[in-house]
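With chain A's structure known, arrange chain B on it following the hints.
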Amino acid sequence: MSDNPILFDALPVLTAARATALLLGVAWAWAAWRHWRRARRMADRLGQVALQVLLAGLLYCVLWPPTSPPRPVRLVVLAQGAQALPSALDEHRVALPEAPALPGVERAPDLASVLSRWPDARLQVRGWGLNARDRDVARGHVATFTPAPLPAGVTSLQVPTAVVPGALARIEGRVTGAPQSRLVLRDPAGRMLASVSTDRAGRFTLAARVREPGWTPFTLERLDAHGRALERLEVPVMVVAPPRPRVWIIAGAPNPEINQLRRWASAGGLPVSLRAPLGGGVVLADRPMAFTPVALAQVDVLVIDPRGWAGLDAAALRAIAAAVRTGLGVVLRVDGPVPAAVRATWQRQLGVALQGDGRGDRVQPQPGDPPMIAWRVALAGADAVPLQHDRDGRILAAWQPLGRGRVALVTLDGSYARALSGQAGRYADGWSGVFDAVARARAEAAPHVVGDGNAWRDERVTVCGLARTARWQDPGGGWHPLAVDVRGCAAFWPERVGHHRVAAATATDATATATAGDTTLDLRVRDPQDAPALYAASLDTATRELLAEAPASGQADAHRKAMPGPRWPWFLAWLAVFAWIGWRERRRRGEHARGG
Amino acid sequence: MTTPASTLRSRWRRARARRMLQALAAGLPWWLAASVLAWRFAPSTIAIGGSALLAVGLVVWLAWRWRASDAAWCARQLDAVHPELEDSATLLFAAPAALSPLQRLQRERLLARLPALPRTPLGPRWPWVRIAVALLALGLAGALAWRGPDVLRARAPVVDVRGSKATQTRVTALQLTITPPAATGEPARTQATWSARVPVGSMLRWQLRLAPRPRHARLVFHDGARLALQSDATGTWRATLRLTQGRLYRLELDDAAAPLAGEASGRLDAIADRPPRVRVLAPTANPVTYTGAGALALRFLAEDDYALTPGARLLLVRASGSGENVSFARSELSLAGRGTPRAQTFERVLDPRALGMQPGDELVLRLQASDRGGQTATSPSVIVRWVLPDIAAGAGVDGLARATLPAYFRSQRQIIIDAEALLGERPRLTAEVFARRANALGDDQRALRLRYGQFLGMEADGAPALPVADDDHADHAHADREHATTADDALPLADAAPVAPAPEPSAHAEHDHADAPPGAAPPPFGDAGSVTAEFGHTHDQPEAATLLDPGTKTLLRGALDAMWDSELHLRQADPPAALPFAYRALRLIKQVQQADRIYLARIGNELPPYDATRRMQGARADIAPLALAWTALPDDDRVLLQSWRALQSPAAVVDLTALLAWLEAHPARSADPLTVAAAIDRLARDATCVDCRNALAAALWPLLATPSALPALRTQSDDEGRRYLDALQRLREGAAP
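These protein sequence lines map, in sequence, to chains A and B. Its first residue numbered 20, the first sequence is counted upward by one per residue in the numbering used here. Its first residue numbered 253, the second sequence is counted upward by one per residue in the numbering used here.
Source of the hints: derived by calculation from the structure; they are not laboratory data. By construction, the Cβ of each residue, glycine as well, lies at the ideal position given by its N, Cα and C atoms. Some hints could be false.
With the C-beta cut set under 10 Å, the calculated list includes, among others, these residues of chain B facing chain A [said to hold, decoys possible]: (1) A871; (2) P902; (3) T927; (4) A930; (5) P954; (6) A961; (7) G973; (8) L977.
Pulled a few chain B residues facing chain A out of the computed Cβ check, cut under 8 Å [said to hold, decoys possible]: (9) W896; (10) L956; (11) R966.
Chain A with its partners taken away, still in its complex shape:
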């Protein structure tokens, strides 16, 4: 019989205990009857029977010791990175397998086995923290956490999970333990792309422009004073081809700005339609635009200037206003003083209140820009969100919500000059930023990693946002199914370092490639040995979160299970009584012999 009551359900335990009690009762009755018959004196008879009762009771207690509410145990758990500390007398210390070898500390295979021995232990975690294997078990048990100093290095890293081609991928992070570190970002071929020193808090930001869709393994290096790499982390960026927004451009007259906008959109593969009246009833357009709800539902961004707006009839304006409320994004491109009539209809139809006298100023938003014009109008609403501003803080573009859609006001005019003066990248950044903000929200939600976004070898990776048919791919290209729970989350244990892919749903085409980026999650699984500081920091963060969600002590009491008490006192008592009975028996036999 095991002394671990957890292995039994409540009913069988009671039955076994009752059966034991019944057996003992029968045995006692038989023994009592025999003693009753053999003893001559009533006192002897009573004594014998009482002793048999005592013996049976003690034996029952040995087999089924009375349960007692357990005492909370102070248990010190030494995790990875733990250092030798003087231990208090009344604490018990257990070292997890990752902990360094410390003399006189008991080793445990994992935290679950520790907690099965001390189910009610209040854990004092020392070291960098608990890893994913032990975290779920430790939920609600962690009382205190004494973090060990983290190794010097990159302890925080934010890499965008998916960026679009041509965009700047910003890699942010933090270095601890090494002030004034120098960090270098290298491209997949090992050439340096960007370099930066950490600020006073150890933070850094590096940016690189990504190229064609695909897995782009950049490398981040931390250099010492002599330019040698102290630490090298792969920071891969997944470049995905997003769904292209469909664009309508309505202008009062042809101008270089819309020409360049159309050129940029067409070169990027955006379906774009243009409408610009030339006067006298002649319209420059590539296809007729019908301002019906059905047609407008197929548009993601509508770029319009005040004269273009003034040239539309009232029905079209109402249709546009209604379409914005169901998700259309409108970019109001100011290219001159906004007439009062247009201001009034903007206010009425789009809820856009403007402030400012509408005069134009020459601006140069960034060094090296050609001179451009910024018109002095701005969104007056309190829910306006700035998008772009120049060096002096003047807002050049902003948006505000309208129903499910958004309306942006771009007051920077003549940005085409950027594209003509060798700043095509800035031009594209500016307009793609505006389109990012306002275009109809159409992208599928991609799966995401639960936690800080890092995945480690031999540690569970939890991904949410999945469909039933989700699966994952290992670096060798093999696909494995995922068991997805009702919340759409699943987990897997990567065994290899490298590029893993999680597909939110199984595509009908088994050889789906990287361009189906909106429903896949690409992540790099790292070896903890390769990035010790980052690993230690992720343990630290996760353990602190555990600490934050530890329940109050009263709540913990409710979870306490009744524990069988120690058996040995009962056994000793039983042995003593049994020995005494035996001794008495022998003496009586001797008396009989002498007497007989």
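Coordinates of chain B only, in the frame set by chain A:
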């Protein structure tokens, strides 16, 4: 107490030990030397076996020497050393019983004599010469083992054919001789590896031995070229190649029975010979202003990656004269340099006067150096100017090209037209309106008069504030109202204001600009006025701009007088009286125009804001529908992009042949095409290698063009989010009215 017998035995023992020591001293170094050489240059099995064999031999030899040092030998030695023993030392070692009485008597005598003998060591002398030779051999072997492997291995590789057993062909010896082109001045070198970095044009010569001997062998290059290896009688395969570009190659055999063991491939990097670089060390200032005295010290530094030809040429160009009458004289000097062939310094002290330099001239100096490869480089120009202290004013207005303020005031012709129109409207106007409009015409007449007056040096202070297209002028609307009547109004004065010098800065400053006026922006390209002001001298000083010839001056003065009168009458609300003067002024201005050449500013006039209400109204019968087509740029990178995309999915097949062809067609796209080619080659030979795919993708990444940024769509919200946004909008619209 020693007996004679024990003395004898101890001497024998010592002699034997001495002899063994001598043998050991002479033999052990030889064995050690042989072992060291074998261990260093032979395969380990041979080395161990040989060494053990030699050790056994040494031991046998020593044992033989030991056995040879018997009693007879010892007796011979005793006899040789001690004449007292009377050549009878053999008796000492013999058993007394076997001796004849006489012998026994002699033995007794010897034994009695023995203790008194000096203890001279027995045996041969120490063979110092042999020991020295042995130690020398050991030292030599040690030195060879320590420093010798490259020499020996390259030139005389140890052939090990036992391991291959003829199932695989091994390269048993390889020698690659590199002869750089003579221009580099580098010596030829030899190496025993397949890869090398060599100057472009180097001659490469492979010599290799193959075991077992194949029928054919060749070198295959990454671009598909093949180079057959020729075998000679001794079994050495040879091939020669002049390397003109970087290449990857490997050895291929025709022998299917015994394929090549291991990898025999290499990478040949061709290092291009860079042209020399020439820098100016002195003078440090450029241009140099020469004042007519002193000498000019020149110092140039020429560098090359290999070797410069000795000497350099100093090119001199002297420009004399000014304006359109500039003549050039070219000459050349030879300079000798100092320094190494790679970096030479050229110095020269020049006296510009000796070169014929005159005041006002310019001297341009350049140093031309060449390297042995025939490439020539020229230094930046050193410009020496002998600036005149005072330059006489020019006699003509040559090329006024100044930034102009837009001139929106009216032309003389316009004033006449307007005055006549005003006269025509007179019956319908009140006297007051008529007088005001006539006065406004008088204002315009005054502005025009003042402008032309500048050519005659009139004070600019009285010039009116010109209505220009600045956005902060309160009289904007006023100007618009007055000027927006005719179509040509917005144009500058094409007919009447041809000579359009800039208004003087003082006039300019009168406009109280809130921000910089267009004319004060950084000088736009082509602003010839500022260019000449910055870099040269102008022949027409601003005040000298009025120095017109007397005839023109008279004409202009007459025109101004007429304008004055015209203005007078206009202000008196008497246009009929003003018209004759206006006509006279127009005629005179036209005469001035025809008299002089005209230089118009060709830059940056700012047009007034357009009037959106005025659009094309004319006939549109000929306007035909026209498709707005967008022609994309030719997609040159299609192969590259296809390869990149294929590399992204592990199952897709990459068209490596097309990629290699693309790479060769675009050599300038990659800084290191060989690395890309090597990655392609690796994948081509093992299509299933995941690391090779990743390596090729990484090598291709720098070749991809950076596309312009595209928008990323927001993630669509779920039902809850949509309801939230709708409710928010209802709330907002409920609150708004």
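Legend entry - Satisfaction of the B:W896 interface hint, Cβ to chain A closer than 8 Å: Nearest chain A Cβ about 5 Å off; hint holds.
Legend entry - When the least beta-carbon distance from B:A930 to chain A is tested against 10 Å, hint result: 12 Å, violated
Legend entry - Satisfaction of the B:A871 interface hint, Cβ to chain A closer than 10 Å: 9 Å, holds
Legend entry - When the least beta-carbon distance from B:R966 to chain A is tested against 8 Å, hint result: Holds - the Cβ of B:R966 comes within 8 Å of chain A, reaching about 4 Å at its closest.
Legend entry - Given hint B:P954 near chain A, where the shortest CB pair must fall under 10 Å: It holds, given that the least Cβ distance between B:P954 and chain A is near 5 Å, below 10 Å.
Inset, instruction - Hold the hint about B:A961 up to the distance rule: shortest CB distance to chain A must be less than 10 Å. - result: The hint holds - B:A961 has a Cβ within 10 Å of chain A, the shortest such distance being about 4 Å.
Legend entry - Interface hint for B:G973, Cβ within 10 Å of any Cβ on chain A: For B:G973, the interface hint holds, since the closest Cβ of chain A sits about 9 Å away, which is under 10 Å.
Inset, instruction - Could you check if B:L977 really has its C-beta closer than 10 Å to a C-beta on chain A? - result: With a minimum Cβ separation of about 5 Å from chain A (threshold 10 Å), the hint on B:L977 holds.
Legend entry - Hint check, B:L956 versus chain A [nearest Cβ-Cβ separation less than 8 Å]: 4 Å, holds
Legend entry - Cut-off 10 Å, beta-carbon criterion: hint that B:T927 touches chain A: Holds. Min distance 8 Å.
Inset, instruction - For the hint on B:P902, just tell me whether its beta-carbon gets within less than 10 Å of chain A. - result: 3 Å, holds
Hint check: a violation occurs at hint 4 only; the rest are consistent with the structure.
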